[in-house]
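Got chain A; can you put chain B on it based on the hints?
One-letter residues, chain by chain:
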Amino acid sequence: MISRPAFGGAFALFAALLLLPSASAADAGLLRLSEQSGPYRISVFSDPTPLRSDTASLDILVSRRSDGRPLRPAEVWVMIDFAGAAGPAPTQRFRATRRPGGLVYEVTLPEAPAGPVKFTIEVTGATGTATVGFVAEVAKAEAFWRREALALSVPPVGIALFALHQHLARRMGRRRQQ
Amino acid sequence: MNPDAEGGGVALAIAMDWVPDPLIPIGLLVSLAIYLRGWASLHRQAPEHFGTGRLVAFAAGLLTIGLAIGSPLDAFADQLLQAHMAQHWLLMMVAPPLLWLGSPQIAMLRGLPASWRRIGLGPFLAWPALQRLQRFVTHPLFAWPAFVGSTWIWHTPKLYELALSSRGWHQTEHVFFLGTALLFWWPVIQPWPSRSAWPRWAMIPYLLLAAVQNTFFAALFTFSDQVFYPRYNAVPSLFGNTALADQSAAGAFLWVASGLVLLPTVALLVVGLLGPATAPPTRTRRPRLPTHTTFDALRIPLLGKLLRSGAFRRTLQLACFGVALAVILDGFVGPQASAASNLAGVLPWTWWRGLVVLGLFAAGSLFCMACPFTLSRGIAKRLLGAQRSWPAALRNKWLAAGLLVAFFAAVEGLGVWSSPAATAWLLVAYFVFAFVLDGLFEGAVFCKYVCPAGQFQFTQAALSPLEVQALDDGTCRDCRTTDCLRGNESRPGCATDLLMPAKRGNWDCTLCLDCVRACPHDNIGLIAVTPGRDLLGDPPRSSLGRLSTRLDVAAITWILFVAAFANAAAMAAPVAGFFQGFVQPSGSPGTSAGIATAAALVGIPLLGLVGLGRASRFLGKIRAPWSEIAARHSLALLPLGFSMWLAHYGLHLYTGWRSAGTAIERVALDLRSETVAPSIDWSMAMAQGGTPGLLSLEIGILGLGLVGSLYAHWRIAHSLQPLAGPAARSAILWGTFCLAFYCFGVWVLAQPMMMRGTLL
Chain A
1 MISRPAFGGA
11 FALFAALLLL
21 PSASAADAGL
31 LRLSEQSGPY
41 RISVFSDPTP
51 LRSDTASLDI
61 LVSRRSDGRP
71 LRPAEVWVMI
81 DFAGAAGPAP
91 TQRFRATRRP
101 GGLVYEVTLP
111 EAPAGPVKFT
121 IEVTGATGTA
131 TVGFVAEVAK
141 AEAFWRREAL
151 ALSVPPVGIA
161 LFALHQHLAR
171 RMGRRRQQ
Chain B
179 MNPDAEGGGV
189 ALAIAMDWVP
199 DPLIPIGLLV
209 SLAIYLRGWA
219 SLHRQAPEHF
229 GTGRLVAFAA
239 GLLTIGLAIG
249 SPLDAFADQL
259 LQAHMAQHWL
269 LMMVAPPLLW
279 LGSPQIAMLR
289 GLPASWRRIG
299 LGPFLAWPAL
309 QRLQRFVTHP
319 LFAWPAFVGS
329 TWIWHTPKLY
339 ELALSSRGWH
349 QTEHVFFLGT
359 ALLFWWPVIQ
369 PWPSRSAWPR
379 WAMIPYLLLA
389 AVQNTFFAAL
399 FTFSDQVFYP
409 RYNAVPSLFG
419 NTALADQSAA
429 GAFLWVASGL
439 VLLPTVALLV
449 VGLLGPATAP
459 PTRTRRPRLP
469 THTTFDALRI
479 PLLGKLLRSG
489 AFRRTLQLAC
499 FGVALAVILD
509 GFVGPQASAA
519 SNLAGVLPWT
529 WWRGLVVLGL
539 FAAGSLFCMA
549 CPFTLSRGIA
559 KRLLGAQRSW
569 PAALRNKWLA
579 AGLLVAFFAA
589 VEGLGVWSSP
599 AATAWLLVAY
609 FVFAFVLDGL
619 FEGAVFCKYV
629 CPAGQFQFTQ
639 AALSPLEVQA
649 LDDGTCRDCR
659 TTDCLRGNES
669 RPGCATDLLM
679 PAKRGNWDCT
689 LCLDCVRACP
699 HDNIGLIAVT
709 PGRDLLGDPP
719 RSSLGRLSTR
729 LDVAAITWIL
739 FVAAFANAAA
749 MAAPVAGFFQ
759 GFVQPSGSPG
769 TSAGIATAAA
779 LVGIPLLGLV
789 GLGRASRFLG
799 KIRAPWSEIA
809 ARHSLALLPL
819 GFSMWLAHYG
829 LHLYTGWRSA
839 GTAIERVALD
849 LRSETVAPSI
859 DWSMAMAQGG
869 TPGLLSLEIG
879 ILGLGLVGSL
889 YAHWRIAHSL
899 QPLAGPAARS
909 AILWGTFCLA
919 FYCFGVWVLA
929 QPMMMRGTLL
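The listed protein sequences correspond, in order, to chains A and B.
With our numbering, the residue at position 82 of the first sequence is 82, and numbering never jumps.
With our numbering, the residue at position 102 of the second sequence is 280, and numbering never jumps.
One thing to keep in mind: the hints can contain errors.
Claimed, not checked - Per the computed footprint, the stretches of chain B lying under chain A, defined by three or more beta-carbons under 8 angstroms from a beta-carbon of chain A, are:
id : segment
1  : 295–304
2  : 339–348
3  : 483–496
Said to hold, decoys possible - What the simulated footprint calls covered on chain A by chain B, stretch by stretch (three residues with Cβ under 8 angstroms from a Cβ of chain B suffice, anywhere in the stretch; the number is not a length):
id : segment
4  : 37–51
5  : 156–170
Said to hold, decoys possible - Listed next, with one range per pair, are the computed distances between beta-carbon atoms:
id : chain 1 : residue 1 : chain 2 : residue 2 : range
6  : A       : R176      : B       : A497      : 54 to 62 angstroms
7  : B       : F796      : A       : A163      : 19 to 27 angstroms
8  : B       : K799      : A       : R171      : 43 to 51 angstroms
Quick caveat, the hints were computed from the structure, so don't treat them as lab data.
All C-beta atoms in this analysis are idealised placements derived from N, C-alpha and C, irrespective of residue type, glycine included.
One chain only, chain A, in its complex shape:
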């Protein structure tokens, strides 16, 4: 037997805690490749998983092959080949920039058509140039309402809880009168 206040508190706690993991979206991306090429080791992370045509980004870590230390500064270019899908120009070239204080170079990709996409990463540093590549499947963009379903559900959930509250309060009032 559990007291009423105990349940109320548990209810509030559950509501608060169960929302927390739902908010877990922190990500450093999926490690797509980590290869030695020329004088460097190049590791590429992609986000989100799977890549979606509206919100795709690549993070590139370039380290020296000799001692494994991150290479800074470097010139990093990403070539995207949409050959597998109809749509924009077959190949586009983007320069990746380093996030302040971070180790990796990042590039946000333009809206790409869904389908297979070939990524080529070209790195130029003081000790030479290296190129790596991989092919990834880009999924269709997620509908806005679906992507933000949790945040958009705040008003309907609030209204539903309030309606239930009013119903229960009225019932309580009737019982007291009886």
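For chain B alone, coordinates are given in the frame of chain A:
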């Protein structure tokens, strides 16, 4: 793909470039704050049940959740099965028992404001169906299979791969894990004051059976010769592990780590059962609610003393004065081409605006407390005499309403935000007007009747959690000196004419705390109130009267409500692009944007006040004049409007806070006459985007604002019309209007933004 990637550098990159989700620390801190408030009250009342151990356990439980989902461990989960299993272990085996050891169900309930508990949660607490559901789901016969079933089902390759490939399903998986684990551990821990449905000894086989299934589960991973989850075969392995080795290690970890939790718990249960028997209490003693606990910020050690001190306020004002001076100087002599490299482009438009709304949200009109414009009020009054009375015709908010419209129209029309010189002129004008008006007239007429920023603070502070109030009404009734209003020989009274016993809410309160210092009875506090409570009633207020009779106050509320959306919309790329199409040969896109803003800020409030006021009078069959109805309902727009300000200005501060560093560095180099360009990291002046969940947080805040506004409209409609049907029709009318603005707000937030005060 090279499978033998050296993990060190990659792992370091994953850890360093992991971006935290702001919702996680916010959620954890809110949970901890509610618990802490309740625990402190219970600790005073029943220390034998609520010792420090409970607080430590609960905090450790929250910290464990944070470690599992809000740390780089979450980022490694995509690359390493071991990391993913460690995450699940923390969510299922460590966090739940720690949380229940804190007995959070009572403490968190107590941590909520009494009115929320009684009125808000009361009907739910008394709902028999929910009580039956709770007894059912925490019964061992349900909790055990739910926990075990959840573990096995979610680790089947199909569902596990689904979770790895979809963020939504991954979140659902975590909800299941944490939810069923909380149920599983409930009968084991029996958080006080609950009682288990089964005898205590029954928990021994309950846990041992869980340990046995865990052994089978872990052994499958440890000894299998095939990789269960193809994803780990596809990604380059870290630390030279193959996917199979990673899987074996993950199984071994689960085996040992889960055993290390389950078996010692069994041992503790056995020891407890074999120990000296204690008579079971015939009835669980519930802690009684404290009679009245008022949180008074002025009673907090050190902070309270600081706030009461006039010197502290002057120090704050002096500091802000120094910053304002630097902004004015840089605005006039610094670079004009890029506002992001000028203090006048960054500090007022990115920092000040963000801090103002956060201050209002967290405490109250903190900016008014630290306002630099009124620092020289004393000197101005001595120099200019201050013997005139403010004209009776201007003793209202209409002048301030007009200035608000002019301010927002100028921001958009003249592009003040992008012109350091214009920003500097604006600040100079503020200083001059404050000095002249306060110097010529009695009291704080500039704050009360003129200052647009002050009106923003006064209206939005209706949603703040702190309020200057009399602690004991009886003391005020017996008071004959009213020093809080008039002041005395050594202390000034309220410059905005607020008499403490009749003061309601934060309207016209600049948080100067002169009344606190002047009160001879030490009867004034800065006390905690339910945010938004002030919107629902219509009591007579000192110096303002009833707000239902103040169309000027209603007009300001409307202007700020519309401005919240207009100001954010002007940043949205489609809206900015729309106004680009109106470029005149002699003008700029800003001119049309300014005219449109002014038209919106005058037209919508006018139509809203008259149209909605009359329509709700008709639909609600209310006898009161339409102006009173409109004025009352206008206040209910504040939650939605404030949520838009918070989402909008919070976004600027979050994404552009680094730009201040660039501007300050540039000023420092200018002062040393050094070359600027090569040594400054200009990337800091760019908006920092890419934070996951930021848009969700903004939309969520806006949603909470809508819910707050709908609730306020509902309550006001029912206070104006006791009959349920007509009152509901009236509330629905206003609710529909709010819903339209909410939809517009969501659309605006989802658009690409011009980030003012940054290089983007």
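Structure-based check of all given hints:
1. For the segment 295–304 of chain B, the assignment as covered by chain A holds, since 8 residues bring a beta-carbon within under 8 angstroms of that chain's beta-carbons and 3 suffice.
2. With 5 residues carrying a beta carbon less than 8 angstroms from a beta carbon of chain A, the segment 339–348 of chain B meets the three-residue requirement, and the given coverage holds.
3. A stretch counts as covered by a chain when three or more of its residues have a beta carbon under 8 angstroms from one of that chain; for the segment 483–496 of chain B and chain A the count is 0, and the coverage is violated.
4. Look at the segment 37–51 of chain A against chain B: 6 of its residues bring a Cβ nearer than 8 angstroms to a Cβ of that chain, three or more, so the hint holds.
5. Proximity of the segment 156–170 of chain A to chain B, defined as three or more residues with a beta carbon under 8 angstroms from a beta carbon of that chain, is established by the 7 residues found.
6. Judged by the Cβ atoms, the range 54 to 62 angstroms given for R176 (chain A) and A497 (chain B) holds: they are separated by roughly 56 angstroms.
7. Between F796 (chain B) and A163 (chain A) the beta carbon distance is about 25 angstroms. The supplied range of 19 to 27 angstroms therefore holds.
8. The hinted range of 43 to 51 angstroms is not satisfied by K799 (chain B) and R171 (chain A), whose Cβ atoms lie roughly 27 angstroms apart.
Of the numbered hints listed earlier, those contradicted by the structure are 3 and 8.
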